[in-house]
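Colleague: Now for the letters of each chain:
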Amino acid sequence: MSVIVKEASKALSRADERAPISSLAKANLRKIFPDHWSFMLGEIALYSFLILLLTGVYLTIWFKPSMTEVIYNGSYAPLEGISMSEAYSSTLKISFDVRGGLLIRQIHHWAALFFMAAMIVHMFRIFFTGAFRKPRELNWVIGGSMIIIGLLEGFAGYSLPDDLLSGVGVRIVAGIVESIPVVGTYLMFFIFGGEFPGNDFIPRLYTFHVLLVPGILLALVGLHLVLVFYHKHTQYPGPGRTNTNVVGFPLFPVYTAKAGGFFFVVFGVTTLIAAFVTINPIWAYGPYVPDQVTAGSQPDWYIGFLDGMLRAFPPLESNIWGHTISWNVFVPAAVMPGILLGALLAYPFIEAWVTGDRGEHHLLDRPRNAATRTALGTMTITFYGILVINGANDIIAQAFGIPFNNITWFTRVAVFVLPPLVFLATRRFCLGLQRRDRELLLHGRESGQILRLPHGEFIEIHTPISNEEKAVILSKVDIAAIEPPAATDENGVATPGYKALRRRAKFSRLFYGDNVASPTAAEIAAAEHHAHALDDLEVDELHEAGKDVPAQLTD
Amino acid sequence: MSDTHGKDVSTIDAHSDAPLYPLPPHHHRLTDTDPRAARRAERQVAAMFALSALCIIAFVVGYVAIPTTSFIDLGPIGVLQTSNLVLGATFGLAILLIGLGAIQWAKKLMADEEIVDERHPVGSPIEDQEAAAELFATGVAESGFVERKIIRRTLIAALALFPVPLIVFLKDMGPLPGTSLRTTIWQKNSRIVVDVTGQKLRPEDLAIGTLVSASPEDLDRVQEEAGTQNARAKASIILVRMRPDEIKSQQGDGWDVQGILAFSKICTHVGCPIALYQQRQHALLCPCHQSTFDLSDSGKVIFGPAARRMPQLPITVDSEGYLVAQSDFQEPVGPSFWERG
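Going down the list, the protein sequences come from chains F and Y. Sequential numbering of the first sequence, starting at 6, is according to our numbering. Sequential numbering of the second sequence, starting at 941, is according to our numbering.
A portion of the hints provided could be inaccurate.
To be verified - Taking lysine to any residue pairs in the SDA-like style, the calculated list, with each CA pair at most 20 Å apart, reads:
no.	chain 1	residue 1	chain 2	residue 2
1	F	LYS475	Y	HIS966
2	F	LYS15	F	SER28
3	Y	LYS1047	F	HIS41
4	F	LYS98	Y	ASP1057
5	Y	LYS1240	Y	ALA1215
6	F	LYS139	Y	ARG1059
7	F	LYS98	Y	SER1010
8	F	LYS475	Y	PRO962
9	Y	LYS1111	F	VAL187
10	F	LYS475	Y	LEU960
11	Y	LYS1047	F	ASP40
12	Y	LYS1047	F	PRO39
13	F	LYS36	Y	ASP1057
As the list claims (entries may be wrong) - Label pairs and their calculated CB-CB ranges:
no.	chain 1	residue 1	chain 2	residue 2	range
14	Y	VAL1062	F	GLN403	52 to 60 Å
15	F	TYR235	Y	ALA1098	48 to 56 Å
16	F	ASN324	Y	GLN1221	25 to 33 Å
17	Y	LEU991	F	VAL231	31 to 39 Å
What the hints assert, rightly or not - Chain Y regions said to be covered by chain F (calculated; three or more residues, Cβ under 8 Å):
no.	stretch
18	1163–1172
19	1261–1273
Hint data in this document are derived by calculation from the structure and do not stem from the laboratory. Yeah, the Cβ is synthetic: ideal placement off N, Cα and C, and Gly gets one too.
My request is simple: use the sequences and hints to build the entire structure.
Modeller: Take a look at the structure:
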C-alpha cells in the first residue's frame, strides 16, 4: 500500500512543478461535508447531467438532424417503405440496427426525466430549509435558471426524433409562438424558416440541443458547484452544529467513495431501468405528418404543467383595431410561466426584503419554524400539482371513466380555491408543531406511565427529551415582526417611503406575527425545577402547575 | 429602501459560536471493534467489485451474440428487445455494483468519526476590500476614464451598437410572413381526395355519420415541388356527413353537398390536427387540449380553450360528380396570430 502513497506523492510533486497542485490538495482534500440523505438530491441531478452528456455524445454518432424525406428500409418491418424524415429514420436505425443503440437512447431519455425530477425536488429541499438565504441567493438563481433551461433542453431533445407524438408538440409550440402579440408571427417564421413545419426546424433545434444549451448548462453547473464549495455546505441543526462550523466527513476518502460511488449507483439504476422499461417508443408513433395525431398525446412530465394550464384556460380572444390577441394561448403558455418562474428566481430577495434579514445563514431552518415560507411552498406545489393533473385530464378521464369536461372545470375552480386552503392549513400545522416543540422543551414527553401517589392521586410521568432533540428545537431563531413605522416623526415630518415600509411591516407580520416564541432561559430553568419536583414527588407543587396532572385523574 | 430594520439574526443567541449542546459521543461500529466483521465487510466489497467485472464480460458476450432483431416477451413488463435487455442488465449491474461496493467500503471500513471544521466569513477581510477599492481607483485614474469624457462617451456608443449586426444577421432565418397564413392551396374546383389512399370522392361514397380525413388532389405534387409538408399543415380537412335536417347552421349558404360538410382539420387553439368525432353530438374533439367544436352548428366552440370556430370549406360537386371545393377557405385556418384581425 505504501508504494501507492509513495508513487502518488512523487507524481504530485512532479505535477506541482508545473501547477500548484499541492496547495489545492492541501486546502481541499480534507474539506468537510455534512451528511444527510436530502443532500443527495442535487447529486442525482448532477450525475444525471453527466450521464446525459455521455450518452448524448454516443447518440450524435448516428443521429441525422435532417427533415429530408427518405423511404425507410431498415430492420423495423412495420414501417418498411414508409416515407419519413431522415431524423426519424436515423432514430429508428439507432433503435433497431445499432447494437446497444436503443439502450443508449433509453438511458438518455430516462436520465433526462430523472435530471428534471431531481433538480425540482432538490429545489424543494433548498426552499423548505431556507438554504437559499444569504450568502446563497446567487446559487438559488443559478439553480432555478438550470431548471428553466433544462425544461427547454428536454423539450428540444424529445422533439428531435421527428416522430408523430413530438411533432404535434412542436406544432403546439409554433401555435404558442404565433400567439405572442405584435412579433409572434415574425418570430414563428424566423424560428421555422418560414411556415410550419418547413425543413429548417430539426437541424436548428439540434444545434440548440447538443451545443448551445449543454454549453450553458455546463457553465452553470460548474459555477453552482464552485459556489457550493466556496460557501461550504449548509447543515441541519443538531448538537455540536452551529452557524459558524460545519460537522461531517472529509472529501477524501469518505466523500470520494460515497459521492463517487453514488454516481455509479445513479448510472447503474438508470441503465437497469432503461434495460427493463421502454421509454418513448417512437417506432410505435410513426413519423410526423402534419395532419395526423395520436389520441392521448402527452408531453414529458415536466412539460405537463404548461399543457395543463393551456387546457384549463378559458376561451378568450380579442380583436382590437384589426389585431388578434389570443389570451387563451398567450397568457397560460407565456405570461403565467413567466410570472411563476420569475417569482421563483426572485424569491430569496423578496423574503429578505420582507423579513429584513441580512445575516449569513449556514444552519438550515426546520420548515415548521418558517411557517409562512413553508405554507407558500406547499401552496405553490398544490397549484403546480393541479396543473400537472389537468395536463393528463384525457388519460385520467379514460382511466376513471369521468368526463374530461368535469376535470377541466374542477381545475378551473381548484387552482383558485385549493392553494389558499393549503396555505392556511400548512401554516396552522407548522405553528402547531412549534407549539409542540415548546411543550416538549418545557415539559418533556408523555411517557404513558401512570403513577399512583400515596394519597391515591394518579399522575402521568413526563420524561425530558434528549440533548440531541433539545439542540434541534433550540435552533429556532425568534424573529420579531417589523413594526409599522410612524407616519410622521416627532416634528411632523413625513417618514420617507412610509407606504413601502408599512407594506413591508404587513408582510413581516404575516411571516412572523404568529410564531410561537421559544422558551426563555428562565422558563426552561423553571421547567427543569418543576421536573425535579416531579422526581421528588412534591405533589403540592405539581398541583400548582396544574396542567401536567391529567384532569380526569385528579378529580 | 431603508436598512434601519435590517438585522443580523445570525448573531443572536441560538446561533452563537459555541454550540448549546456538544456533539454526541462517537459510537464504534461492529467493523471497528470486531476484526471478523471487518474482514466480512472487506469480502463483501471485493465480491461486488469482482462481480462487476464479470458483468462486463457477460456484456461483451451479449453484444456479440444477440442480434438487434430478436425480441423477448416478459409478460407484464411487455415485449422487449432482447439485446437491449441483456446489454442493459449486464452493463447496469456492473456499474451499480461498483457504486454499491464503494459506498459499502465507505460506510463499513473508512473512518466514520465526524470532524468539525470552522467556517470563515464569506466576504473578504476589510483591508482587502479597501485595498481592492484603492487599486480600482488607481486604475481608473491612470486610464483617464473619468476625465476624458469624449473617449468614454464614444466608447459607450460604440459598444452599445456593436451587437446590432449580431441581431441583423438573424433576419434571414426566415422569410417575412406576408399573407401566407391567410391562404391554403385549396381553390375553385380543387378535387377532394381521401387522405393516404388518394381516392376521389362522390357524395354517395360517404354514409351518414361518417368522418373522413381528406386533402386537395394536387397536394402531393405541391409538396413534392416545395420539398416541405407546409401545404398539408394548412390544407388538411375533414368531411362529415349528417342528415340535412340535423344541420343547425353553416358558415355560408349552400356550402354543403347533401349534408356533407368540410371543415379545416387544424385546431384554432394551437394547431393540432383534430381527429376525434363524437357522431351523436356532431362534436369534433381535439386530442391535445380537448377543444370541442359542434360541426352541425357552424363549427362553433362548445368546450375547451379554443376561442374561434373551426373554418368551413365551401364544397360542391363538379361536372363528373366528384366533390370539389367552391373556393379556398374564407378565413385563415389554424391558430390565431397578431395580424389575423
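Colleague: It remains to establish, for every hint, whether it holds in the given structure.
Modeller: Hints versus structure:
| no. | hint | verdict |
| --- | --- | --- |
| 1 | LYS475/F with HIS966/Y | holds (19 Å) |
| 2 | LYS15/F with SER28/F | holds (15 Å) |
| 3 | LYS1047/Y with HIS41/F | holds (14 Å) |
| 4 | LYS98/F with ASP1057/Y | violated (54 Å) |
| 5 | LYS1240/Y with ALA1215/Y | holds (16 Å) |
| 6 | LYS139/F with ARG1059/Y | holds (14 Å) |
| 7 | LYS98/F with SER1010/Y | holds (15 Å) |
| 8 | LYS475/F with PRO962/Y | holds (11 Å) |
| 9 | LYS1111/Y with VAL187/F | holds (16 Å) |
| 10 | LYS475/F with LEU960/Y | holds (9 Å) |
| 11 | LYS1047/Y with ASP40/F | holds (12 Å) |
| 12 | LYS1047/Y with PRO39/F | holds (14 Å) |
| 13 | LYS36/F with ASP1057/Y | holds (8 Å) |
| 14 | VAL1062/Y with GLN403/F: 52 to 60 Å | holds (54 Å) |
| 15 | TYR235/F with ALA1098/Y: 48 to 56 Å | violated (36 Å) |
| 16 | ASN324/F with GLN1221/Y: 25 to 33 Å | holds (29 Å) |
| 17 | LEU991/Y with VAL231/F: 31 to 39 Å | holds (37 Å) |
| 18 | 1163–1172 | holds (count 5) |
| 19 | 1261–1273 | violated (count 0) |
The earlier numbered hints that this structure contradicts are 4, 15, 19.
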